[in-house]
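Chemist: Hey, can you work out the whole structure from these sequences and the hints?
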Amino acid sequence: MSALLQIAGLTAHYGDFQALFGVDLTLDQGQTVAIIGANGAGKTTLMRAITGVAKVTAGSVTLAGKDITRIPAPDILTHGISMVPEGRKLFPSLTVEENLLIGAHARRGNGFWTLERIQTLFPILKERRHSPGTALSGGQQQMVAIGRALMSNPQVLLCDELSLGLAPVVIKEIYGAFPQIKDSGTSIIVVEQDISQALRVADHVHCMMEGRITLSGRPTELSRDAIHDAYFGVNHA
Amino acid sequence: MIFIDTLAQGMLLGGLYALFAAGLSLVFGIMRLVNLAHGDLIILAAYLILTVATVTGLHPFVAVIIAAPLMFGFGWLLQTHLLNRVLGNDILPPLLVTFGLSVVIQNGLLSTFTADSQKLTAGTIEAASVDLGVVTLGVMPVLTFGSAVLVIFALNQLFYRTALGRAFRATSDDAVTAQLMGIRPQQVFAMATGIAMVVATIAALYLGTRANFDPSIGPARLLYAFEAVIIGGLGSLWGTLAGGIVIGLAQAIGASINPEWQILSGHIAFVLVLLIRPRGLFPRAND
Ligand SMILES: Nc1ncnc2c1ncn2[C@@H]1O[C@H](COP(=O)(O)OP(=O)(O)OP(=O)(O)O)[C@@H](O)[C@H]1O
Ligand SMILES: [Mg+2]
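Going down the list, the sequences are from chains A and B. Here the numbering used here = 1-based position in the first sequence + 192. Here the numbering used here = 1-based position in the second sequence + 39.
Note that these hints are calculated values from the structure, not bench results. Note that beta-carbon positions come from the ideal geometry of N, C-alpha and C, so glycine has one too. Just to be clear, a hint being listed does not mean it is correct.
[Stated by the list, open to error] Listing some non-contacts, in silico: residues in chain A with all C-beta distances to chain B over 10 Å: (1) T203; (2) D216; (3) K247; (4) A256; (5) T270; (6) K281; (7) G303; (8) L313; (9) L328; (10) S329; (11) A359; (12) E365; (13) I366; (14) G377; (15) R416; (16) D421.
[As the list claims (entries may be wrong)] Straight line, CA to CA, 25 Å or less: simulated SDA-like cross-link-like pairs of lysine to any residue: (17) A:K247 to B:L311; (18) A:K318 to B:A202; (19) A:K247 to B:A214; (20) A:K374 to A:V362; (21) A:K374 to A:T270; (22) A:K247 to B:D213; (23) A:K318 to B:T201; (24) A:K247 to B:Q226; (25) A:K318 to B:Y199; (26) A:K258 to A:Q223; (27) A:K258 to B:R223; (28) A:K374 to A:T306; (29) A:K364 to A:I316; (30) A:K318 to B:L203; (31) A:K258 to A:T218; (32) A:K247 to B:L126; (33) B:K158 to B:E299; (34) A:K318 to B:D212; (35) A:K247 to B:H120; (36) B:K158 to B:V181; (37) A:K247 to B:T119; (38) A:K364 to A:G331; (39) A:K318 to B:Q196; (40) A:K374 to A:G279.
Modeler: Laid out in structure tokens, this is it:
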């Protein structure tokens with residue numbers, strides 16, 4: 193199977209500060225890949241580099257054989273990549289429904305996901321459709337953020353720390369939507385600090401530290417000790 | 040009866056100030072840009088209507104239909120080629136640039152049209168009035184006010200009922216996240232300034248048919264507009280209409296006491312409102 197998303201030697205900077213050091217990563221069609229790592233490891237930067245928000249200084253991002261490195265952020269969506277940003281980032285001036293609709297702003301053509309289907313996936317979003325997005329609970333806001341990202345019917349969905357600040361039961365509910373998202377033909381990259389959640393949901397796990405991938409493998413292949421070492425940098429200290 | 044008449048005239052005058060202010064309010068609400076050239080852009084639009092009317096012989100109310108799209112294009116180019124380059128976290132560069140633009144427009148108009156004052160002639164409608172029994176209202180002031188309400192209503196519909204309006208609000212909330220939705224903030228801003236210039240053209244039509252204008256009067260119109268926006272609450276379009284009415288009423292009441300007090304009364308009302316409600320009458324919740 194040829195890779196859907198291929199990231200090779202990706203390097204990114206914030207001014208003079210180098211945040212990514214030659215990251216390689218592959219996402220196959222239908223796969224879910226998890227990226228774990230401690231605070232400041234560069235996970236969010238990797239997501240932002242893929243979506244053209246952070247400055248890529250070397251390396252490449254290829255989607256379905258097409259080079260999309262350094263494509264400006266507004267064009268990424270039409271190329272088929274959509275993001276649930278860290279901290280959800282709902283638009284406070286928009287209602288729940290408008291937050292969902294704006295996800296389809298640049299959408300071309302039809303796909304599985306429509307407003308109705310999102311509202312079926314997360315029924316609370318229908319009930320609260322006229323509330324300001326930011327009036328919802330953290331978990332509900334996360335559902336809006338996921339729904340908003342799905343509205344463009346992406347080939348690749350990037351999720352940055354879905355579980356951040358949420359109760360375990362809410363996290364479970366949110367990840368409960370993943371099978372349906374995968375069934376719709378979307379491949380997923382999740383960034384998680386919750387390691388066991390990452391291991392449960394992913395086909396492949398990468399651990400990042402200080403801007404590098406320090407460990408990769410299938411969840412079943414990785415021992416707790418190896419993950420612990422990669423996460424906390426025992427071998428790199 | 041005289042008092043009711045004063046109130047009616049003041050309120051209608053407020054419509055003109057609301058028209059001056061609506062474009063300013065729109066642009067500020069979307070991109071947090073205080074356009075110091077807004078008053079001069081209105082005067083520029085007045086000269087454009089005058090030119091179209093003179094060249095084609097069309098009535099100003101028809102000439103405005105030609106002038107408005109031209110002003111939209113001008114606003115679009117102004118935003119994409121100049122203002123987008125200076126918008127950022129620092130509010131000083133856009134202030135300086137729009138101040139410079141104000142000077143450029145005034146001097147450009149001066150050398151093209153001289154300092155002579157001009158007027159748009161609308162014919163018999165200028166003197167027409169309607170007798171409502173209690174008060175007699177000029178048709179032009181009524182038209183002005185009606186246009187202001189219509190413009191504010193239309194802008195509100197655009198803002199809250201269309202996909203473009205959604206993009207306006209989302210970009211204003213968070214331009215980086217908006218880009219992840221496929222929105223291009225720079226294009227959104229260009230669209231907003233284009234629309235603001237269409238509103239400025241409508242304002243120019245009434246400004247130019249109701250009174251004389253010359254290249255130097257822009258900054259005073261900016262001041263009224265600015266006060267209306269602030270009284271109403273930054274970013275609130277209906278608030279801007281209310282702000283215009285407050286100034287119009289204050290001026291009319293002041294003038295009825297002593298004609299020399301007209302302008303001053305408006306400014307005093309502005310200060311009073313700010314003393315009582317520092318964020319204006321209808322502040323936006325999330326500012
Ligand atoms: N806007 C920025 N400007 C400068 N440095 C930044 C910026 N954003 C992140 N960094 C730095 O880049 C490095 C990687 O940050 P990043 O946000 O990608 O980490 P992360 O793995 O997502 O962390 P977290 O788990 O806390 O979200 C950190 O050292 C961080 O301080
Ligand atoms: Mg992060």
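Chemist: Going by Cβ atoms, does I366 (chain A) stay more than 10 Å from chain B at every point?
Modeler: I366 (chain A) clear of chain B: closest Cβ-Cβ about 19 Å, beyond 10 Å.
Chemist: Checking the smallest CB distance to chain B, is K281 (chain A) really beyond 10 Å?
Modeler: Violated, since 4 Å does not exceed 10 Å.
Chemist: Has the given pair, K364 (chain A) with I316 (chain A), been kept, meaning a C-alpha gap of at most 25 Å?
Modeler: holds, 16 Å
Chemist: Grab the minimum beta-carbon distance between D421 (chain A) and chain B and tell me whether it stays above 10 Å.
Modeler: Consistent with the label, D421 (chain A) stays out of reach of chain B, its closest Cβ about 34 Å off (over 10 Å).
Chemist: Holds or violated: K318 (chain A) and D212 (chain B), Cα atoms, limit 25 Å.
Modeler: Within the cut-off at roughly 23 Å; holds.
Chemist: Decide if the proposed pair is consistent with the structure: K158 (chain B) and E299 (chain B), CA atoms, cutoff 25 Å inclusive.
Modeler: holds, 24 Å
Chemist: Check the hint pairing K364 (chain A) with G331 (chain A) against an upper bound of 25 Å on the C-alpha distance.
Modeler: The given pair, whose Cα atoms are some 10 Å apart, holds under the 25 Å limit.
Chemist: Holds or violated: is the Cβ of K247 (chain A) farther than 10 Å from all Cβ atoms of chain B?
Modeler: holds, 13 Å
Chemist: Would you say G377 (chain A) is clear of chain B, with no C-beta pair closer than or equal to 10 Å?
Modeler: With a cut-off of 10 Å, G377 (chain A) remains clear of chain B, as the shortest Cβ separation is near 19 Å.
Chemist: Just to be careful, I want the Cα atoms of K258 (chain A) and T218 (chain A) compared with a cutoff of 25 Å; is the pair within it?
Modeler: holds, 14 Å
Chemist: Has the given pair, K247 (chain A) with Q226 (chain B), been kept, meaning a C-alpha gap of at most 25 Å?
Modeler: holds, 21 Å
Chemist: Checking a non-interface call: every C-beta of chain B should be farther than 10 Å from the C-beta of L313 (chain A). Is that right?
Modeler: holds, 19 Å
The earlier numbered hints that this structure contradicts are 5, 6 and 17.
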